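Chemist: Can you make the complete structure from the sequences, with help from the hints?
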Amino acid sequence: MIPVWVQLVFLAAAICFILALKGLSSPRHARAGNALGALGAVVAVVIVFFYAPIHHLAAILVVLVIGSAVGFVGARRVQMTQMPQLVALFNGVGGGAAALVALLELGDMIGSGPPRFTLVATGFTILVGAVSFSGSMITFAKLQELMTSRPVIFPGLPFVFGLSLAAGLVLWAFTVATPAVWVGVVLALVGLLLGVLLVLPVGGADVPIVISLLNAFTGLTVAAGGYVLGNTLLLVAGTLVGASGSFLTKLMAAAMGRSVVNILFGALKGGSTLGAGEASDRPVRSAGPQDVAILLGYANKVIVVPGYGLAVAQAQHTLRELVDVLGARGIAVDYAIHPVAGRMPGHMNVLLAEAQVPYEQLKEMDDINGEFKQTDVVLVVGANDVVNPAAKTTPGAPIYGMPILAADEAQQVVFLKRSMRPGFAGIENELLFDPKTTLLFGDAKDSLGKLLSAVKAL
Amino acid sequence: MSEPIVLLTFFVLSVFVGTEVISKVSSTLHTPLMSGANAIHGIILLGAILVTGLANTTGELIVGLVAVFLASLNMVGGFVVTDRMLHMFRRRDR
Chain H
1 MIPVWVQLVF LAAAICFILA LKGLSSPRHA RAGNALGALG AVVAVVIVFF YAPIHHLAAI
61 LVVLVIGSAV GFVGARRVQM TQMPQLVALF NGVGGGAAAL VALLELGDMI GSGPPRFTLV
121 ATGFTILVGA VSFSGSMITF AKLQELMTSR PVIFPGLPFV FGLSLAAGLV LWAFTVATPA
181 VWVGVVLALV GLLLGVLLVL PVGGADVPIV ISLLNAFTGL TVAAGGYVLG NTLLLVAGTL
241 VGASGSFLTK LMAAAMGRSV VNILFGALKG GSTLGAGEAS DRPVRSAGPQ DVAILLGYAN
301 KVIVVPGYGL AVAQAQHTLR ELVDVLGARG IAVDYAIHPV AGRMPGHMNV LLAEAQVPYE
361 QLKEMDDING EFKQTDVVLV VGANDVVNPA AKTTPGAPIY GMPILAADEA QQVVFLKRSM
421 RPGFAGIENE LLFDPKTTLL FGDAKDSLGK LLSAVKAL
Chain A
1001 MSEPIVLLTF FVLSVFVGTE VISKVSSTLH TPLMSGANAI HGIILLGAIL VTGLANTTGE
1061 LIVGLVAVFL ASLNMVGGFV VTDRMLHMFR RRDR
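Which chain is which? The protein sequence lines are H and A, in order. Heads up: the first sequence at position 242 corresponds to 242 in my numbering, and the numbers run straight through without jumps. Numbering-wise, my numbering comes out as the position in the second sequence, counting from 1, plus 1000.
FYI, nobody ran anything at the bench for these hints, they're computed from the structure. Note that this is a predicted model, so its numbers are computed, not measured. Please note: incorrect hints may appear among the correct ones.
[Stated by the list, open to error] Below, in silico cross-link-like pairs of lysine-lysine (DSS-like), each with a Cα-Cα straight-line distance of 30 Å or less:
hint: 1; chain 1: H; residue 1: LYS436; chain 2: H; residue 2: LYS450
hint: 2; chain 1: H; residue 1: LYS22; chain 2: H; residue 2: LYS250
hint: 3; chain 1: H; residue 1: LYS436; chain 2: H; residue 2: LYS250
hint: 4; chain 1: H; residue 1: LYS250; chain 2: H; residue 2: LYS363
hint: 5; chain 1: A; residue 1: LYS1024; chain 2: H; residue 2: LYS250
hint: 6; chain 1: H; residue 1: LYS22; chain 2: A; residue 2: LYS1024
hint: 7; chain 1: A; residue 1: LYS1024; chain 2: H; residue 2: LYS436
hint: 8; chain 1: H; residue 1: LYS373; chain 2: H; residue 2: LYS363
[Said to hold, decoys possible] Which residues of chain H face chain A? A few of them, derived with a C-beta cut under 7 Å, are:
hint: 9; residue: VAL45
hint: 10; residue: ALA58
hint: 11; residue: LEU61
hint: 12; residue: VAL63
hint: 13; residue: GLY71
hint: 14; residue: PHE90
hint: 15; residue: LEU100
hint: 16; residue: ALA243
hint: 17; residue: PRO289
hint: 18; residue: HIS347
hint: 19; residue: TYR359
hint: 20; residue: GLN361
hint: 21; residue: MET365
Glycine included, each C-beta is placed from N, C-alpha and C at the ideal position.
Modeler: Shown next, in the form of structure tokens:
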């Protein structure tokens, strides 16, 4: 039984977590909110040592310090472009920890005839925690390019997946009907397999949705773990995370114009995001930095459409300098951020914030789409699919139905591109061949640097 | 407090609170939301410490310590990296 004063501390910690999430409604209070959340978490963890019987205290403290140190160093060192990998990793270890906790708790409770519903929650924690762990690790490997980021499919994968899923559900039922540690261990192993099979067929461009989904999984796992341990703090915290993950998953699916099921299993049905496109040899209009600088320098309104290619080229700072120079010439410049620009929800905002772009200049798709008509020049840097009109005009295209930025409605469009290779979706972008479009070929950082000096020289 | 119905009530109410709070999160901050939420589920550390403290065999102890390691990495790393990101979103002095 948890003493009342401890329950009160847990309640306070839960409030800290809610306020931490609430703080994120505006960048101004977000950091303080996060600090409050961290405080709540630390206090709640410290309290445990004072009310509960903890054996092996020295070993636990040593491991705790090592784990914290590893997490701290990793979090300090990671580059902002690698944020999706890091989030996937943290997500996975959280799910893994929850599965292990449930497995140990299963061993503890067997003798005492636990209530059926507790066993249901225990089985859920073990199974979904394991899925979250292995799924996140595969996602990490894909993003870190330890393995191919293309969909991995083999004949019979749907069959193996279905079989594993059925096995998982049967073992879950067994955990409830005839609880034993070995059943739990096998359940965890099946969960690990399921996680791998779930993420393998997902292509690199669809990773944002997988990260969000696994985030929701881990949240629900921790919530179920809270139920198993009769701990309200874990229950509330896990549920909050589950809600956040589910929300982002829904949002990402809407931003891609596809259902979650289609994104996860689309590749099995003959591949929707194979990204295997060939470079086209149709004629395009290309221009040098001077010509583009004149286009930009004498415009009234410019919208920048940044894509992940910008971050790959590490060109965010140069882009920000260019925008600053244009702003100093009295030109209104905004950034149009597509929800799936980058490798996770909101990723592009972080990358631009790192380059000290004021967040007021970052406009969401729905807010800015009406402004393209009055825009003189749209500058597309390292993006392609998010401005591809095929999403509106070509039924049957892999991206058909995806909401896009209305760059095609502007007076002039400038693409900074390395080559004519299509984007992730592997389809040609008609906008590239439009008479109002100009292409500036080259590495994004290099091109932006030349543009910057050309605009300065105007 | 381990009454199933009490915990179920907590769960259902938390779903509503979570949905309400998160739907108001600025889309600019979706990445910090995700890493912040990640840090919050690191609170499983609490559970990991509790079960490890009750370990009877060496096997249980090792499994428990692995859980403590993973969860502490999750929690500390999550809050630190979220703080780092949010620091970049501070208002720029012009």
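Chemist: Hints first: check each against the structure and report whether it holds.
Modeler: Hints, verified against the model:
1. A hinted pair counts as satisfied when its Cα atoms are at most 30 Å apart, and H:LYS436 with H:LYS450 qualifies at roughly 22 Å.
2. Note on H:LYS22 and H:LYS250: the hinted pairing holds, with a Cα-Cα distance of about 20 Å set against a maximum of 30 Å.
3. Annotation: proposed proximity of H:LYS436 to H:LYS250 is violated, straight-line Cα distance about 35 Å (limit 30 Å).
4. The hinted pair formed by H:LYS250 and H:LYS363 meets the criterion: a straight-line CA distance of about 20 Å does not exceed 30 Å.
5. The hinted pair formed by A:LYS1024 and H:LYS250 meets the criterion: a straight-line CA distance of about 15 Å does not exceed 30 Å.
6. About 8 Å separates the Cα atoms of H:LYS22 and A:LYS1024, which keeps this hinted pair within 30 Å; it holds.
7. A distance of roughly 39 Å separates the Cα atoms of A:LYS1024 and H:LYS436; the hinted pair therefore is violated under the 30 Å criterion.
8. Restraint check: the Cα-Cα separation between H:LYS373 and H:LYS363 comes to about 16 Å, which is no more than 30 Å; the hinted pair holds.
9. For H:VAL45, the interface hint holds, since its Cβ comes within 7 Å of a Cβ in chain A; the closest pair sits about 6 Å apart.
10. Checking H:ALA58 against chain A: minimum C-beta separation of about 11 Å lies over 7 Å; hint violated.
11. Using the Cβ-Cβ criterion of 7 Å, the hint placing H:LEU61 at the interface with chain A is not satisfied: the shortest such distance is roughly 9 Å.
12. The closest approach between the C-beta of H:VAL63 and any C-beta of chain A is roughly 5 Å, which is under the 7 Å cut-off, so the hint is satisfied.
13. For the restraint placing H:GLY71 at the interface with chain A, the shortest Cβ-Cβ distance is roughly 3 Å, inside the 7 Å limit, so the hint holds.
14. For H:PHE90, the interface hint holds, the least distance from its beta-carbon to any beta-carbon of chain A being 5 Å, beneath 7 Å.
15. The interface hint given for H:LEU100 holds, since its Cβ lies 4 Å from the closest Cβ of chain A, which is under the 7 Å cut-off.
16. Here the hint on H:ALA243 is kept, as its CB sits about 3 Å from the closest CB of chain A, short of 7 Å.
17. With 7 Å as the threshold, the beta carbon of H:PRO289 stays out of range of chain A, its nearest partner Cβ sitting at about 27 Å, so the hint is violated.
18. Satisfaction of the interface hint for H:HIS347 is found here, the shortest Cβ-Cβ separation to chain A being roughly 5 Å, below the 7 Å cut-off.
19. Annotation: H:TYR359 was flagged as interfacial toward chain A, and the flag holds, the nearest CB pair being 5 Å apart, inside 7 Å.
20. A least Cβ separation of about 10 Å between H:GLN361 and chain A goes past the 7 Å threshold, and the interface hint is therefore violated.
21. Because the closest C-beta pair between H:MET365 and chain A is about 9 Å apart, greater than 7 Å, the hint is violated.
In this structure, the earlier hints numbered 3, 7, 10, 11, 17, 20 and 21 are contradicted, and the remaining ones agree with it.
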